[in-house]
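Visitor: Just so you know, the sequences run in chain order W and R. Using my numbering, read the first sequence as starting at 1 and increasing by one per residue. Using my numbering, read the second sequence as starting at 1 and increasing by one per residue.
Mixed in with the good hints there might be a few duds.
As a list, the in silico DSSO-like pairs of lysine-lysine whose alpha-carbon atoms are at most 30 Å apart [what the hints assert, rightly or not]:
id	chain 1	residue 1	chain 2	residue 2
1	R	494	W	560
2	W	494	W	577
3	R	577	W	313
4	W	57	W	577
5	W	577	R	577
6	R	560	W	313
7	W	313	W	494
8	W	577	R	313
9	R	560	W	57
10	W	313	R	313
11	R	57	R	577
12	W	560	R	313
13	W	57	R	577
14	R	57	R	313
15	R	494	W	577
16	W	577	R	560
17	W	560	R	560
To be clear about the criterion: a stretch of chain W counts as covered by chain R if any three or more of its residues have a C-beta under 8 Å from a C-beta of chain R, and this derived list gives those stretches [claimed, not checked]:
id	stretch
18	29-43
19	245-259
20	302-314
21	379-389
22	410-417
23	465-476
From chain W, some residues computed to sit far from chain R (all C-beta separations above 12 Å) [claimed, not checked]:
id	residue
24	64
25	128
26	271
27	294
28	429
29	502
30	512
31	533
Please keep in mind that the hints were generated in silico from the structure rather than gathered at the bench. Because the structure is a prediction, the values reported are computed rather than measured. Idealized CB from N, CA, C, for every residue including glycine.
Protein chains: 2
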Amino acid sequence: MSVRVGLAQLNLRLGDLDGNAEMVVAAYDSAVADGAQVVVFSELTVTGYPPEDLLLKPAFVEGAAAALERIASHAGEVPAVVGFPEDAGLDGPIRLWNSAALCWDGAVRGVYRKHLLPNYAVFDEQRYFVPGSDVGPLLSVDGVTVGVSICEDLWGPPRTADAAAEDGGLPSIVGGEADTSPALAQVAMGAQLLVNLNGSPYRRGKQADREAVARTRAAALGVPAVYVNQVGGQDELVFDGSSFVTDAGGDVVCRLPAFREQVAVCEITVPGGDVAAPEGAAGAACSVLVPMLDPLDEVWQALVVATRDYVRKNGFADVAVGLSGGVDSSAVAAIAADALGPDHVHGVSMPSRYSSEGSRTDAAQLAANLGIDFRTVPVEPAHAALAGMLDAPAGGSGSPTDPADSAAADLTDQNLQSRIRGVLLMALSNRFGWLVLTTGNKTETSVGYTTLYGDTAGAYAVIRDVPKLLVYELCRWRNRQGDGERIPQECIDKPPSAELRPDQRDDQSLPPYELLDPLVEAYVEGDLSAAEVVEVARRHGADPELVHRVTRLVDIAEYKRRQSPPGPRITAKSFGKDRRMPITNFFR
Amino acid sequence: MSVRVGLAQLNLRLGDLDGNAEMVVAAYDSAVADGAQVVVFSELTVTGYPPEDLLLKPAFVEGAAAALERIASHAGEVPAVVGFPEDAGLDGPIRLWNSAALCWDGAVRGVYRKHLLPNYAVFDEQRYFVPGSDVGPLLSVDGVTVGVSICEDLWGPPRTADAAAEDGGLPSIVGGEADTSPALAQVAMGAQLLVNLNGSPYRRGKQADREAVARTRAAALGVPAVYVNQVGGQDELVFDGSSFVTDAGGDVVCRLPAFREQVAVCEITVPGGDVAAPEGAAGAACSVLVPMLDPLDEVWQALVVATRDYVRKNGFADVAVGLSGGVDSSAVAAIAADALGPDHVHGVSMPSRYSSEGSRTDAAQLAANLGIDFRTVPVEPAHAALAGMLDAPAGGSGSPTDPADSAAADLTDQNLQSRIRGVLLMALSNRFGWLVLTTGNKTETSVGYTTLYGDTAGAYAVIRDVPKLLVYELCRWRNRQGDGERIPQECIDKPPSAELRPDQRDDQSLPPYELLDPLVEAYVEGDLSAAEVVEVARRHGADPELVHRVTRLVDIAEYKRRQSPPGPRITAKSFGKDRRMPITNFFR
Numbered sequence: 001m002s003v004r005v006g007l008a009q010l011n012l013r014l015g016d017l018d019g020n021a022e023m024v025v026a027a028y029d030s031a032v033a034d035g036a037q038v039v040v041f042s043e044l045t046v047t048g049y050p051p052e053d054l055l056l057k058p059a060f061v062e063g064a065a066a067a068l069e070r071i072a073s074h075a076g077e078v079p080a081v082v083g084f085p086e087d088a089g090l091d092g093p094i095r096l097w098n099s100a101a102l103c104w105d106g107a108v109r110g111v112y113r114k115h116l117l118p119n120y121a122v123f124d125e126q127r128y129f130v131p132g133s134d135v136g137p138l139l140s141v142d143g144v145t146v147g148v149s150i151c152e153d154l155w156g157p158p159r160t161a162d163a164a165a166e167d168g169g170l171p172s173i174v175g176g177e178a179d180t181s182p183a184l185a186q187v188a189m190g191a192q193l194l195v196n197l198n199g200s201p202y203r204r205g206k207q208a209d210r211e212a213v214a215r216t217r218a219a220a221l222g223v224p225a226v227y228v229n230q231v232g233g234q235d236e237l238v239f240d241g242s243s244f245v246t247d248a249g250g251d252v253v254c255r256l257p258a259f260r261e262q263v264a265v266c267e268i269t270v271p272g273g274d275v276a277a278p279e280g281a282a283g284a285a286c287s288v289l290v291p292m293l294d295p296l297d298e299v300w301q302a303l304v305v306a307t308r309d310y311v312r313k314n315g316f317a318d319v320a321v322g323l324s325g326g327v328d329s330s331a332v333a334a335i336a337a338d339a340l341g342p343d344h345v346h347g348v349s350m351p352s353r354y355s356s357e358g359s360r361t362d363a364a365q366l367a368a369n370l371g372i373d374f375r376t377v378p379v380e381p382a383h384a385a386l387a388g389m390l391d392a393p394a395g396g397s398g399s400p401t402d403p404a405d406s407a408a409a410d411l412t413d414q415n416l417q418s419r420i421r422g423v424l425l426m427a428l429s430n431r432f433g434w435l436v437l438t439t440g441n442k443t444e445t446s447v448g449y450t451t452l453y454g455d456t457a458g459a460y461a462v463i464r465d466v467p468k469l470l471v472y473e474l475c476r477w478r479n480r481q482g483d484g485e486r487i488p489q490e491c492i493d494k495p496p497s498a499e500l501r502p503d504q505r506d507d508q509s510l511p512p513y514e515l516l517d518p519l520v521e522a523y524v525e526g527d528l529s530a531a532e533v534v535e536v537a538r539r540h541g542a543d544p545e546l547v548h549r550v551t552r553l554v555d556i557a558e559y560k561r562r563q564s565p566p567g568p569r570i571t572a573k574s575f576g577k578d579r580r581m582p583i584t585n586f587f588r
Numbered sequence: 001m002s003v004r005v006g007l008a009q010l011n012l013r014l015g016d017l018d019g020n021a022e023m024v025v026a027a028y029d030s031a032v033a034d035g036a037q038v039v040v041f042s043e044l045t046v047t048g049y050p051p052e053d054l055l056l057k058p059a060f061v062e063g064a065a066a067a068l069e070r071i072a073s074h075a076g077e078v079p080a081v082v083g084f085p086e087d088a089g090l091d092g093p094i095r096l097w098n099s100a101a102l103c104w105d106g107a108v109r110g111v112y113r114k115h116l117l118p119n120y121a122v123f124d125e126q127r128y129f130v131p132g133s134d135v136g137p138l139l140s141v142d143g144v145t146v147g148v149s150i151c152e153d154l155w156g157p158p159r160t161a162d163a164a165a166e167d168g169g170l171p172s173i174v175g176g177e178a179d180t181s182p183a184l185a186q187v188a189m190g191a192q193l194l195v196n197l198n199g200s201p202y203r204r205g206k207q208a209d210r211e212a213v214a215r216t217r218a219a220a221l222g223v224p225a226v227y228v229n230q231v232g233g234q235d236e237l238v239f240d241g242s243s244f245v246t247d248a249g250g251d252v253v254c255r256l257p258a259f260r261e262q263v264a265v266c267e268i269t270v271p272g273g274d275v276a277a278p279e280g281a282a283g284a285a286c287s288v289l290v291p292m293l294d295p296l297d298e299v300w301q302a303l304v305v306a307t308r309d310y311v312r313k314n315g316f317a318d319v320a321v322g323l324s325g326g327v328d329s330s331a332v333a334a335i336a337a338d339a340l341g342p343d344h345v346h347g348v349s350m351p352s353r354y355s356s357e358g359s360r361t362d363a364a365q366l367a368a369n370l371g372i373d374f375r376t377v378p379v380e381p382a383h384a385a386l387a388g389m390l391d392a393p394a395g396g397s398g399s400p401t402d403p404a405d406s407a408a409a410d411l412t413d414q415n416l417q418s419r420i421r422g423v424l425l426m427a428l429s430n431r432f433g434w435l436v437l438t439t440g441n442k443t444e445t446s447v448g449y450t451t452l453y454g455d456t457a458g459a460y461a462v463i464r465d466v467p468k469l470l471v472y473e474l475c476r477w478r479n480r481q482g483d484g485e486r487i488p489q490e491c492i493d494k495p496p497s498a499e500l501r502p503d504q505r506d507d508q509s510l511p512p513y514e515l516l517d518p519l520v521e522a523y524v525e526g527d528l529s530a531a532e533v534v535e536v537a538r539r540h541g542a543d544p545e546l547v548h549r550v551t552r553l554v555d556i557a558e559y560k561r562r563q564s565p566p567g568p569r570i571t572a573k574s575f576g577k578d579r580r581m582p583i584t585n586f587f588r
């Protein structure tokens, strides 16, 4: 026998309780019109995921309950499975369940409460929720028994610590080896199909990992599984959707597109019951089986969607990007043009006395290639004015006379130029209502090769989680997509330079990126100690002294990162709530 | 019978495993020399509290174990009770216990593991730790049975939700009404004395709340309780110490000073055993019983210690403060002078074309009163240069022609002045190695009456959690302390103004602070909805429209706060990890 399941993969708007309820109702109607016998939404549907400390506001939880009521009152005989935060009626600071309402015939008919609450990586669910303990209620859909669960509740016995570390935040269950998952209990109680609500953010390769786990689970339990995830950007996170269905043998038989909204209906053959099932014991018929994306395509789309949603959901239409002619700012401008359309992107070249002619012409060429607005504001007048103003107080009582003097003066002058650019971009933002995008990559963000309030000034750090070498790969990939050269080859080929003093090049201050990127990855994403990173360095032919310099740079740049704008997570460990390091920190 | 307990209230350095071990050994020796029969330290002694994601680094946990070994190998026959993160040998992302080692005769002889792991407000303990389940081991000290527990494990049955909300983060136990606390079980097993290790950050009035709970617990359980807390600043948190002892009747018989290190030995009479106890069934003899601080003194000291530790622990000696002649920057300079000494504070006046003569002379008078360095850098040259540079691009393709044009131009010009000041202060920081303190109070931080990268530019936001009216109170209090007028009366008396356009005053943009402060407190600290804040406003005679404007301002300023520097928490809910709001947020 079979059942037609509607998968509603929506770009929910965080906290827009009324708007989300409307979106849910429209998706429900559309799925029902397409023949769905049950419609499944993503985790915490009515609020969007993650609501963070909005969940501490009683009025927010009450509003979510009211939104759920509106959805339930709209539901007809086809059940809708809708996530919401549920008041558990408890004393103390933690008062909610993370719940899924089973709604039909105009009312909430049952509620499932999430058992396993992730509280690691970017997740803080134990800050808000207490665990549920019931494995039911099971849902009966035209004779098929359906188990409803939320995210980790579908997962089986714990994986090893090493596997958990490797995939950086794929959920696992702590303690105990026995499979005590709600999913197993549901199957034991007769569930023929498992539906699972998720708020699962993107990182590189995440979908392959999700499907591997779901495949194993479905095959082990002998029932098909439906995985529904939301889509869209939310501050530091971007959700890829990629909702899917596995049949009872563990094969993926339906996959919705990554990074796009879609409501699809999938006919799923379930084990048991009617022996004349069309495709054998367990199969599925579904017209939607989108292939997984190429790895670079996947990252590019993640950055595009995250940027589009951050800009538009925060009420902006246009963005400004400072263009240096280098690869980072070129990549960000190209992402912004793909996200918002070239008419909504404003490139600003701000050459200083140390800028090469190439940096100006390359920036202009990039703007021409992308078809974006381009303007030039040389920083010299402000540079001269500020340098003059600083001469006077430099002679005051705090004037140092030690040999570090000229190094400090050089650093001061370099940062000055960068900060003037920050001031100019913010002035354009104030004047024209453009949101400023910053252009720092993960490598330089890690080691603090940035000027606070200079190149870090802006609302969204598009490539903050993209290591430098991946920036190059992405630019080359984008140039191969058939719409001509987007990022000029010169921007890709030139040696990286901040151009803040004569003949400056990144490799005067930093090791080459071919070495630096793996060191940073080992230290930041791998949480290795400096001693362990030395082993990584040896494999790349680098000396231990260099490793200690790099890890120390990463540590002391924490204060800069703390004041830098958010940007989308694409790796197993991004900066922001994924990595909560103290600023005041004596650990070496 | 009685026992002499050493209380080691230390200013631990976060992550300085070797340094903390040395500090612990010295405190142990000092307490033993003073006759202690057991020495108790604060929670996570060897790492300092809170280590945050350092706990995810295996090398950090191994280093902490090595530091504990050094302490244990030093311990003689007098037991030391030392907090440390303990590898629980688990798979999955959460792998540690929050533990207390009982060390004597050169080794760790037993380990107690914390049961109740706070995961709300500023606490994230369930991100790192799994709960312990044993109530023991109990410690025997010269015939007295001692129960060891950590923080919430001492607390009894859950308080009501309202009580928890009111005191904003005083621990409580979730679920269940029965007293299942480890402390109760320890007394049932024969404990005659309870010692409790804490990492309990300061907020206003916290000590009175702690003592009230401990008093109730000690009296209910009929045994004395020893509460040891660390002291000192750690990023957003400041720990007040204020370690104390209650006797078996619940009276506080020993209290160490707030905000200062101290190692004290307290002779505590315990129930049972020797009938010839000196002060009846249960009492204590201790020479240290420091009175609790006056409420304003307490806040001032919190700000002073937090500032001193942030500056010095991060390797700086001197700070720069932009002085406007207003009350906020005056307060910050006065706090800095108390924290670091006047020789280490550099006041910088940066008048613009709109600055009043009073703002310059008042700033100069403040600097003279405090005895700090003072210099003046008018912003006009940079202001003129940048305004000229912005004329050209303003004529580009993005030039708006709508009626909002002049408002946008005015905003741009105001922010420009503020950002030039930020650039100047950061240049002085680069040049002379001064750490920049920002001067925004909680009220303006809440409603976003700040310029990002302007007055928010700096490393530490000293009064970020201090509402405007409290800033006034603190200044007046400081002026009464007997060392003359620190903050000139003119700075306190003048109407608040940003002086970024002619004749500007705060009350042209914002409601009077007498109204605004309670509204912000209700919305931010109280987590009330806008509708509920309207009720607060009615009591102050304000109209609902104003409330909605204020709550909206608080919501949309989230992006500014996210990029602002950390500052010490002194209220029941500060910005930072205490209040984790989404930036992209449609909830109204």
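Visitor: State for each hint whether it applies.
Guide: For each hint, the structure was consulted:
1. Note on residue 494/R and residue 560/W: the hinted pairing is violated, with a Cα-Cα distance of about 35 Å set against a maximum of 30 Å.
2. With a CA separation close to 34 Å, the supplied pair residue 494/W and residue 577/W exceeds the 30 Å bound.
3. Straight-line distance between C-alpha atoms of residue 577/R and residue 313/W comes to about 24 Å, which keeps the hinted pair within the 30 Å bound.
4. A distance of roughly 21 Å separates the Cα atoms of residue 57/W and residue 577/W; the hinted pair therefore holds under the 30 Å criterion.
5. Of the pairs offered as hints, the one joining residue 577/W and residue 577/R holds, with about 10 Å between alpha carbons and a cut-off of 30 Å not exceeded.
6. For a cut-off of 30 Å, the pair hint linking residue 560/R to residue 313/W stands: about 17 Å separates their Cα positions.
7. Under the criterion of a C-alpha separation no larger than 30 Å, the hint pairing residue 313/W with residue 494/W is inconsistent with the structure, at around 36 Å.
8. Simply put, residue 577/W and residue 313/R have alpha-carbon atoms about 24 Å apart, close enough for the 30 Å limit, and the pair holds.
9. Using a Cα cut-off of 30 Å, the hinted pair residue 560/R and residue 57/W holds, with the two alpha carbons roughly 21 Å apart.
10. A C-alpha spacing of about 40 Å is found between residue 313/W and residue 313/R, which places the hinted pair above 30 Å, so the restraint is violated.
11. Note on residue 57/R and residue 577/R: the hinted pairing holds, with a Cα-Cα distance of about 21 Å set against a maximum of 30 Å.
12. Our distance criterion of 30 Å between C-alpha atoms is met by residue 560/W and residue 313/R, whose separation comes to about 17 Å.
13. For a cut-off of 30 Å, the pair hint linking residue 57/W to residue 577/R stands: about 16 Å separates their Cα positions.
14. Among the hinted pairs, residue 57/R with residue 313/R is consistent with the structure: their alpha-carbon atoms are about 22 Å apart, no more than 30 Å.
15. Taking the CA atoms of residue 494/R and residue 577/W, the gap is near 41 Å; set against the 30 Å cutoff, the hint is violated.
16. Distance restraint check for residue 577/W and residue 560/R: the Cα-Cα separation of roughly 17 Å lies within the 30 Å cut-off, and the hinted pair is therefore satisfied.
17. Of the supplied pair hints, the one linking residue 560/W and residue 560/R holds, its CA atoms being roughly 15 Å apart against a limit of 30 Å.
18. A stretch counts as covered by a chain when three or more of its residues have a beta carbon under 8 Å from one of that chain; for the stretch 29-43 of chain W and chain R the count is 0, and the coverage is violated.
19. Against chain R, the stretch 245-259 of chain W contributes 0 residues with a C-beta closer than 8 Å to a partner C-beta. That does not satisfy the three-residue criterion, and the hint is violated.
20. Only when three residues or more bring their CB closer than 8 Å to a CB of chain R does the claim for the stretch 302-314 of chain W stand; here the count is 4, and the claim holds.
21. Counting residues of the stretch 379-389 of chain W whose CB falls under 8 Å from any CB of chain R gives 8; the rule of at least 3 is met.
22. Under the rule that three or more residues need a Cβ within less than 8 Å of chain R, the assignment of the stretch 410-417 of chain W holds, with 4 such residues.
23. With a threshold of 8 Å between beta carbons, the proposed coverage of the stretch 465-476 of chain W by chain R is violated, since 0 of its residues qualify and at least three are required.
24. Under the 12 Å C-beta cut-off, the non-interface status given to residue 64/W relative to chain R is violated; the minimum distance is some 10 Å.
25. Not every CB of chain R is more than 12 Å from the CB of residue 128/W (nearest about 9 Å), against its label as outside the interface.
26. Residue placement check: residue 271/W keeps its beta carbon more than 12 Å from all beta carbons of chain R (closest about 31 Å).
27. For residue 294/W, the requirement that its beta carbon stay farther than 12 Å from each beta carbon of chain R is met, with the minimum near 28 Å.
28. Separation of residue 429/W from chain R is inadequate, the least Cβ-Cβ distance of about 9 Å not exceeding the 12 Å criterion.
29. Distance check on residue 502/W: its Cβ is at least 19 Å (rounded) from any Cβ of chain R, clearing the 12 Å threshold; non-interface status holds.
30. Taking the minimum C-beta to C-beta distance to chain R, about 26 Å, the non-interface status of residue 512/W holds against the 12 Å cut.
31. Remark: the non-interface label on residue 533/W conflicts with the geometry, its nearest Cβ contact in chain R lying 10 Å away (cut-off 12 Å).
Of the numbered hints given earlier, the model fails hints 1, 2, 7, 10, 15, 18, 19, 23, 24, 25, 28 and 31; all others are met.
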